[in-house]
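Peer 1: Okay, here's what each chain looks like letter by letter:
Protein chains: 4
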Amino acid sequence: MAHDLLNGKKGIIFGALDNRSIAWKVAEMAHQEGARFVLTNTPAAIRMGDIHQLAMKCGNADIIPADGTQVKDLEYLFREAMKRMGGKVDFILHSIGMSMNVRKKRAYSDVDYDFFAKTLDISAISLHKILQTAFKLDAIHEGGSVVSLSYIAAQRTLYGYNDMADAKALLESITRSFGYIYGREKKVRINTISQSPTLTTAGSGVKGMQDLMDFTERMSPLGNADADECAGFCIVLFSDISRKITMQNIFHDGGFSSMGMSLRAMSMYSRSLDCEDCPPVD
Amino acid sequence: MAHDLLNGKKGIIFGALDNRSIAWKVAEMAHQEGARFVLTNTPAAIRMGDIHQLAMKCGNADIIPADGTQVKDLEYLFREAMKRMGGKVDFILHSIGMSMNVRKKRAYSDVDYDFFAKTLDISAISLHKILQTAFKLDAIHEGGSVVSLSYIAAQRTLYGYNDMADAKALLESITRSFGYIYGREKKVRINTISQSPTLTTAGSGVKGMQDLMDFTERMSPLGNADADECAGFCIVLFSDISRKITMQNIFHDGGFSSMGMSLRAMSMYSRSLDCEDCPPVD
Amino acid sequence: MAHDLLNGKKGIIFGALDNRSIAWKVAEMAHQEGARFVLTNTPAAIRMGDIHQLAMKCGNADIIPADGTQVKDLEYLFREAMKRMGGKVDFILHSIGMSMNVRKKRAYSDVDYDFFAKTLDISAISLHKILQTAFKLDAIHEGGSVVSLSYIAAQRTLYGYNDMADAKALLESITRSFGYIYGREKKVRINTISQSPTLTTAGSGVKGMQDLMDFTERMSPLGNADADECAGFCIVLFSDISRKITMQNIFHDGGFSSMGMSLRAMSMYSRSLDCEDCPPVD
Amino acid sequence: MAHDLLNGKKGIIFGALDNRSIAWKVAEMAHQEGARFVLTNTPAAIRMGDIHQLAMKCGNADIIPADGTQVKDLEYLFREAMKRMGGKVDFILHSIGMSMNVRKKRAYSDVDYDFFAKTLDISAISLHKILQTAFKLDAIHEGGSVVSLSYIAAQRTLYGYNDMADAKALLESITRSFGYIYGREKKVRINTISQSPTLTTAGSGVKGMQDLMDFTERMSPLGNADADECAGFCIVLFSDISRKITMQNIFHDGGFSSMGMSLRAMSMYSRSLDCEDCPPVD
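Chains as they are written, first to last, in our numbering: chain A, 44 to 325; chain B, 44 to 325; chain C, 44 to 325; chain D, 44 to 325.
These are computed hints drawn from the structure, not numbers from a lab.
Do not take every clue at face value.
As the list makes no split between identical chains, a pair holds if one copy fits it or if it spans any two.
Below 25 Å or equal to it, Euclidean Cα-Cα: the simulated SDA-like pairs (lysine to any residue) are [what the hints assert, rightly or not]: (1) LYS179 / ASP93; (2) LYS115 / ASP47; (3) LYS161 / ASP116; (4) LYS100 / ALA160; (5) LYS230 / PRO323.
Being a predicted model, the structure only gives us computed values, none of them experimental.
Use the sequences and the hints to build the structure in full.
Peer 2: Next comes the structure, spelled out in structure tokens:
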């Protein structure tokens, strides 16, 4: 690629951990497209991951630690980002999600409610906190763009995805609710991309991930979308070409969301039905 | 059941062929619930099927032949139905669908366009013709209810369902478009029920039906809904209890439409992935 | 009505405050339909409202106070309800919602995050707590039904509805997520009804409610659905006639959700456009 | 703009009439972005419109007349286009729609069924014919992209939009159905853009258009999207950046589709409610 789509634009990218992160790919591509940006993550994630390596690859991007659930951190982040980049930002990537119920293998019928509240706070309300903080500080340029990463679990239940499904539904709702306000007041657009299941370090904790990805690969006429392809579409949504799209959840998933049953997935499924020597299935 | 839900109501039921038809079950149940109605189908379907047997079971219901694609037939049907039952009707069931492209095994990338037009005319535009005819003859009571049977293929592509998917999408659109007009002018409501795959004589022609039904059974937390259960919900929509629901497509499918992946379906799928001795799959 | 639809069924009804509450109408109608049930609400709502009067009208129904956000209260409620009614329950109505941000007139771009968390806890997570508590105590019969009241703000932004929109989106997601688990394990179905704006004591706090209701009345071909009509459809969802519907959000709104623009609403709007003497509008 | 997004790509653009057409803007922008393409329209539209002027502005693009409802015309078009451009095409714009029922002011409850069939054939089935013809001639490159223009009437009823609503629903269904086949076989993606109401020469025939556009402008936080902006997003969908998006309908509408009620639209509406001297409204 490299189409100068973000020439002169400034941004903040939340959630790059290592080179499997979608946020990592977005940063690389935004850099190629001419953007300047600040990388941010929690102090713990900064220690654990390779974000410094990413910063170097992206023209020595600044790294400013911030916990997306802490308004004070976010205020500092926006003030500091505007100071270092010399003005308001044009785009923000929100790629944040975590569920302690998933990590601790609590079933959805046995969740811990403190964990549940944390899942929502980290994975969804953090977007509201980022937006409200930016709004109060007037930190996003008119016509700016905010993108958050979602998943089809917001619409359809997948076993094992647990309270993250509810978090994604909440995230998409906040996108609409704040999209109205920020659009009306500042022409800032806010959208989510509903991405194919992607083997990030975060995603790899979800149960049965490999088998699910085989299923979605066979269901989707174009196959699963990968992290690089997702990053490409994030760039589109940050750029001026999409400046009248807001409050939307756009499926970037090889067609999976519009499929009921494909021939390829059914063939794999039918093989199991036809198998006489296979172990019994409930 | 038998809750007197349709006491004193009059109706017209399209599409009962034999005792596997959903329309057949609707007729039986409407009779139990106190309704009087006319049965109708094309002359050919009347000859091929067992509709006379059904009529006898339903208090000697009248049978009036009509081709749902012929406005003249429909005019005769409504006039005659009102004459024989002594007044306007309260409910109509539209359970009509047929694709020559499916029957002749024309792939969706090789459809015959005359067949395609026929699929739409029989399976979707027939609803418009019924409604427009009724509207002009003022043949439906204020507060009356029209129900048509749809399928999730209207929203999501299933291989092999072919141009019937497009017909169902068109059917649901006509439901909304005419639902607005008929609701505004006569408080008549029009809805579709999106039913689980059901082994009717019509449905049994669809490719890979048995395997698909195994999949949807395992995906749906309540299992597939059967024809009797579907009929029960038709009765609800005909009755006064649902008199403010219109222009809707209601999924009656054991939860399938809201599922992304269930544990039970995934187990069956994974067994195929794990099978080393199984024949290769594309 | 009175069709014996809930003959012999036992239930728990959350959220009846006074005779404008939808939950109040549901209780009255469930009583007429042959059900026995427990009424519940927070101690404060029990003091403020007229629930004792309702209990008397419903065959001296038991009142058991419980705060829907407190698992301990819910455990007590289910144990006590099963004891008093002599067995598991068949249906539950969840009609609970409250936003301090709305009450305190905090704009959506200036919410208080403790209030936000409370909105979600009271209006959405309470449903999860009820379900998880019931699931652990095995307090709902196989085939039982849980209904919660939602609003179209879960899908589309309405100014002034604030964080309640996000709560409704979360509520509908929990309905799907738990609907899968409870359906799979116990054939219990869980649905939401998305009701027209309704002038309950709770709803009357929402800004510009009267004007909005005029708009939705003119947009909906059947007009707004009222609380009695909503109650009728709750009864349907509790009854066995709808036993294969789960994980759904059903619009009970006179057709509003399927309208883009009606002639009647446009006429009112156009009159303002044509008005030369009217005060200027932003 | 001008980001070289379509460098070296070849296409066919259906439906440019005059400089208010969205297809016109797409052609201009595709030319700027480095594409080479053939312009096509019916012979009548070519006579009536200014397409020769457009061809000159676009590097003397070839004009090949074709009626989108005639498979023979389409076969000629694809063969000729491949011959003149020296190979398969990469992108196709379908911007075709017409309803005789609208033109002749036939109400939706009094449509002419020959007109109705024509509306569907011209506005929706033409997309299938284009795709099937291209598929058989293997006329689209792997990874190619087809975009068609839709409208929210496919989901929500707008008075006066008549059978065009049904045509758009059918168009979106064909997009999914063929998107599965063409994606699976050739990695070709097919999507619709659901655009704000736009004052094209075609759109200007729709009743009450100006007032409706005032309403949608006030409802949409970013205001209505115009034809230029729509064209920009078409370019994105043609380009390689969106190569994993298929079978989708993407709202390009300033946020309208996600709005229930905005403050600005409500203020205009309320002014009418408050007007004492205004003429009565039904």
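Peer 1: Does each hint hold? Answer for all of them.
Peer 2: Results of checking the hints against the structure:
no.	hint	verdict
1	LYS179 / ASP93	neither (32 Å within a copy, 43 Å between copies)
2	LYS115 / ASP47	neither (34 Å within a copy, 42 Å between copies)
3	LYS161 / ASP116	both (17 Å within a copy, 22 Å between copies)
4	LYS100 / ALA160	neither (36 Å within a copy, 39 Å between copies)
5	LYS230 / PRO323	between (57 Å within a copy, 23 Å between copies)
Hints 1, 2 and 4 from the earlier list are contradicted by this structure; the remaining hints agree with it.
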